[in-house]
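Participant: Here are the chains, one letter per residue:
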Amino acid sequence: MEFTCLSKGDGFHFPPCSMLNLCGFRILLDCPIDFSALTIFSPVPPAFSGRFDVESSQTEPVVRKRQRIEKQLDANDLIFEEPWYKTVKSLHLWDASFIDIVLISSPMGMLGLPFLTRSKGFAAKVYATEATSRIGQLLMEDLVSMHMEFRQFYGPKDSGCPQWMRWEELQVLPSALKEIALGKDCEELGAWMPLYSAADVKDCTRRVQTLKYAEEACYNGTLIIKPFSSGLEIGACNWTISCPQGNTACISNSIFGSSHAMEFDYDALQGNDLLVYSDFSSLKTMEDAENNTNNFGPVTGTSSNLREEDNHWQEAAATLLKNDGTSEEAEKLAFICTCSIDSVKAGGSVLIAIDRLGILLQLLEQLSIFLESSTLSVDLDHVPVYIISSVAEKLLAYMNIIPEWLCKQRQEKLFSGEPLFGHVKLMKERKIQVFSAVHSPELLKNWQEPCIVFSPHWSLRLGAVVHLLRRWCSDQNSLLVLESGLDANMALLPFKPMEMKILQCSFTSGIGLQKVQPLLKTLQPKSLLFPKDLRCPIKFSESNKIYLYHENEMLCIPRMNHSTEIEIVTDLAYTFKVKSWKQESMSRLRGELFMEHGKYRLLSGSKTANSQQQRLLLHWGSPDLEKLLTELSKKGIDGSIKQVNGGAIDGAEPENPATTLLVHHPSKALIEVREACTVITAADENLASQISDAMDSVLGGI
Amino acid sequence: MPIECLVLGAGQEVGKSCVVVSINGKRIMFDCGMHMGYADSNRYPDFSRISDAGDFNSALSCVIITHFHLDHIGALPYFTQVLGYKGPVYMTYPTKALAPIMLEDYRKNMDRRGEEEQFTSQHIEECMKRVIAVDLKQTVQVDKDLQIRAYYAGHVLGAAMFYAKVGDAAIVYTGDYNTIADRHLGAAQIERLQLDLLITESTYANSVRDSKYNREGEFLKAVHKCVAAGGKVLIPTFALGRAQEICLLLEDYWERMNLKVPIYFSAGLTIQANMYYKMLVNWTSQKVKETYVTHNAFDFKHVQTFDRSLINAPGPCVLFATPGMLSGGYSLEVFMQWAPCEGNLVTLPGYCVVGTIGYKLMSGKPTRINLDKDTQIDVRCQVHQLSFSAHTDAKGIMDLVKFLSPKNAILVHGEKPKMAILKERIESELGIPCFYPANNETVSISSTGHVKAHASDTFIQRCLSPNFKFLKCGVPDKSASGSKCTEGISRLQVVDERVADSILVEQKCKKAKVIHQDELLLMLGEKEHEVKFAYCCPIRIEKSVQTGSKDLSSTDNQHLGLDKRSLLELLSVKLSNKLSEGNIQDFGEHLQIESFHVSVCLKDKCSHRTSNSIENQSELVFFCCNWSVADEKLAWNIISIMECCTLNTT
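Going down the list, the sequences are from chains A and B.
With the first letter of the first sequence counted as 1, position 142 gets the number 142 in the UniProt record's numbering; the numbers rise by one all the way through.
With the first letter of the second sequence counted as 1, position 424 gets the number 424 in the UniProt record's numbering; the numbers rise by one all the way through.
Be aware that a few hints might be false.
Said to hold, decoys possible - Counterexamples of contact, computed for chain A against chain B with all Cβ distances above 12 Å: (1) D10; (2) R26; (3) A75.
Unchecked claim - Here are the computed lysine to any residue pairs in the SDA-like style, where the Cα-Cα straight-line distance is at most 20 Å: (4) K407/B - L572/A; (5) K413/A - Q122/B; (6) K287/B - L395/A; (7) K289/B - Q209/A.
Think of the hints as simulated: they come from the structure by calculation, not from any bench.
Predicted model, so just to flag it, every value in this text is computed and none were measured.
Note that the Cβ used here is the ideal one computed from N, Cα and C, for glycine as well.
Construct all of the structure, not just a fragment, from the sequences and the given hints.
Facilitator: Pasting the structure below:
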């Protein structure tokens, strides 16, 4: 088995991406887009801005930029072109046509998939859960429609390299932008792609084979692939893959307790031969703490207190879920709501640029509660909440029909006949209004400030967010709520000077460091693949092997189990003719070998072959001639032994002496016995076969 | 280990479905229904047969409920709360959501009829709490060995067929299913599985249904005619399933015909049910699913809530009221009011239980019905029967059995005579043993097992690479010489035998191992001893052109030595004409057919010649043959050809 981590990703919106070679099949895990790189582009400039005119943009900026190279960044340093999108940096080094399977574990991991599916020769089977595929499709459609604004602004382009990608342009980019464009080692330029079209998205989703929760998919009869919820998002999952060489589980970013998506189902990942751990989410928190702590690498343990700890691991597992951080999340949401209310009260508007579905759904519920409960002079009940996105309506409708992927509390709502999320009721009461675009006539008709707006895109480069930011950026009373993981300085560059209040929130997007150890103890994999960068103690058992991996380093893992198992249908096994030899009993196989559902099976084949061989085909030992004579006489065959020295008959070599046995009755025959060979000469088929039978009984054979 | 199937209910009848299957030490109860036709102990399955001591927790591994109809779930609260079964109960999400509605409805009616209450509201609630909901195709590991999986069954929302597998033995229990999609549900769907047993419903074991479009059309015409004339239409239904199906039909028709007549749902029950249907739209038919964003099909536009004051309000209307067979409750109350008026219409379902008003209306055309001793109803309204059976018909059952090709089939949930006919069909047409046990009977069938063994890598590798053998069919042998026309038929057969070179080795106290024969000797520590056959075969030679056979004898050795090759070639031609199998390879010095090896023998005395005293040796040439045991048959075949033939040298 081989494993290569192509990218450790970055937070919720950029999940890790890796390549796994299992049983000779090449499996790609996730295919995300790095949207944080999008900030090097300028959003579509306001149409009335006099600063930007086409002519000057062609020549002047080059000169200007060169002068400013080490100055502080300003909005004019950004790239004024139709943006390209940055995919996983080393994925393009792989030939897409050699990939056999793509496993998509979350909607975010799907966004880069059309880049692959549109590439030539791509023929892999893509698996994703039903919910992931649907949400992913909507997000991609939204991306395409938001990008359309750029295309309309910059006009149709000749294919080929965009201006900014020319070397001389790249050279003069400010260093901060250059690092994003080229990467630290100046090797990431190949990762940039022009955005896919709506047709690409359609084609991509058509190729995805959707799976239900824990549905088994059988690839090529060999691999059995199953998704189990990861808790990260609705429809997000971890995968288990089993093949004749062992069972593998892949953990990507997972959340133990969620208040919307189905919880991290770690029980289902227990006891595998190999566990691929690729949740890098705690990397961020670790880096923050790095300065304070000593440098300690992953501790792979045989330490003495292991045994003692062993007794506690079950308890540890039990506590895993208890402290799931949902209360912490709820506090954060409440805080956002309070801040929003404060802004609204002060007469400002609130712009929430959070693209995490779960957070968004919960915020909608919470906000309405806050708005209703706060009794103040302003009639807050009438502060409108707008959601502006081309796919919001579809997404919100979809959220209410997938109870199978929601957490326990939400499922209870189904069983008691209530809507799964609060937004259904709120939309009916028109407390939440959904619009497809910022310029839609209905929105303009209804527009009312102050208001609370939810809108993509969290990178602040695409979508309605851009226009609303321009409108409110100089309003001190307004509030902008951002996601963490975004370089706020860079992101806000085009909107400077920024007067709005800014709230940047981080939400859980994976397994916390302190939970890694108890989790691994619960899962008890025989071997573990663990990122080297995650410096956390991982000792969970002495007998288990741990392999540490690095980004872009291929790791070869020796075969997990030592012997392949085969199943023989009992009915067939009964037809085998059993021969015993010393301690062993053995039988020659019959039937046909099939690979069925990840197992080798010997089934009774089609009966066309007339190979009902009665003869033993393989003999061993050396025949006892006296015994042979007795056996022959039992069958009514008389003979006598004639010792012949080598070479007398047939010109055989003297060093290979033969003993000859002459048969007189019923007809003449001759048996020559040498050390490793016996030749039976007879003119009569029947006699020959009887002699052969006699040979079988004096030799070992099968 | 045999699979034992104990039928506790729905054996040769319809009602109280309950089948307990034991597979490899696991025991699963499929469905836990009640019988609508009984009010005594016969209404429930005889649970005591599962465990005499009443210890159901150790007797059963799990309970699986296929759908929310009472004859499939009605006894569940009684079983779990009163009899105390505490183990896992599985059903699909919609079933878990909708079952309490059905159970509660049933409990209330039980109350109303003054029967002894079998379980309480709280029982239902607590029972449902313990239910584990599953998604379609979700593979659920009940315990280490038992795996179950649900497949879409149509029939009603959330109905599922269940697959259960323990070790190597696997079965499917269909519950009720429909192989034809209707307005709001898709058709049953299952994948090809290797099954030891299929337990299928057989409600329509003997009938094939016609298209329902005509019936729908007639129904709509009748309704339209009635409301156009200002009449009222009463549609007694259960809250779930039929109500939504007919409502979708009407809603569509109302839209097309631009009708404004109000459609009422009698109680909050059905409205509430629609709420569930909206959230579970993923479980409905493809068509309904696709439109959920723009308009959820269960958001009925024309539907309003009904209240009692509207019963005698003037003007036309359509009313859905429960229960379905006019056996009491709201629908009966309204029926009593509306029945005497000629302009009104009552639409009955296709099947009504004996004893209900619905049944009386369907059998004959009564003008007066005695409700009880004191009450009589004059029936003047029109009665329309609309059967929307959500069960598969005989063709559907046959198709499913054929598709799944189980080793055995058991029929339940049907009427005995019809089941007998279907059993005959399954056995004669599909060759699958079929049973239809009565209640409380047990059917035992054998299950497939597997012998597990380790396989060596060499074995696997050898098996992966093809090992083709081309055999000519032996048939045309004689015909080829007789008539020319059949000559072309010498069909080529391709054999790909890959495992015959491998050996299963079993040692005491060790797991069996499969190895390739090359590895065997190494494992045994023995040396191979080859056993071969040899025979020096004489063939007559005829000189056709040259005369004077004496020449030959004088120069015989020399002459023949020169002709060795041509002699072999001649033999090769002869053999290829006569031999039906094997592939003749010419190596110059010898010919080879599989392991059969033949060359010209010029020795005066060959040890492989058995009789040296054949007269007229001058006309004979000897061919020395040897072969290994594997090709014994082929070899003797060749030798018999050789012995009979004559080589014509020129």
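Participant: A separate judgement is required for each hint: does it hold in the structure or not?
Facilitator: Tested hints:
1. The Cβ of D10/A sits about 32 Å from the closest Cβ of chain B, beyond the 12 Å cut-off, so the non-interface label holds.
2. R26/A, annotated as away from the interface, keeps every beta carbon of chain B farther than 12 Å; the closest lies near 19 Å.
3. Here A75/A stays apart from chain B, with its beta-carbon at least about 39 Å from theirs, past the 12 Å limit.
4. A threshold of 20 Å between alpha carbons decides the hint, and for K407/B with L572/A the separation of about 16 Å falls inside it, so the pair holds.
5. Between K413/A and Q122/B the CA atoms are separated by roughly 18 Å; this keeps the pair inside 20 Å, and the hint holds.
6. The suggested pairing of K287/B with L395/A holds, with an alpha-carbon distance near 19 Å, which does not exceed 20 Å.
7. Distance restraint check for K289/B and Q209/A: the Cα-Cα separation of roughly 18 Å lies within the 20 Å cut-off, and the hinted pair is therefore satisfied.
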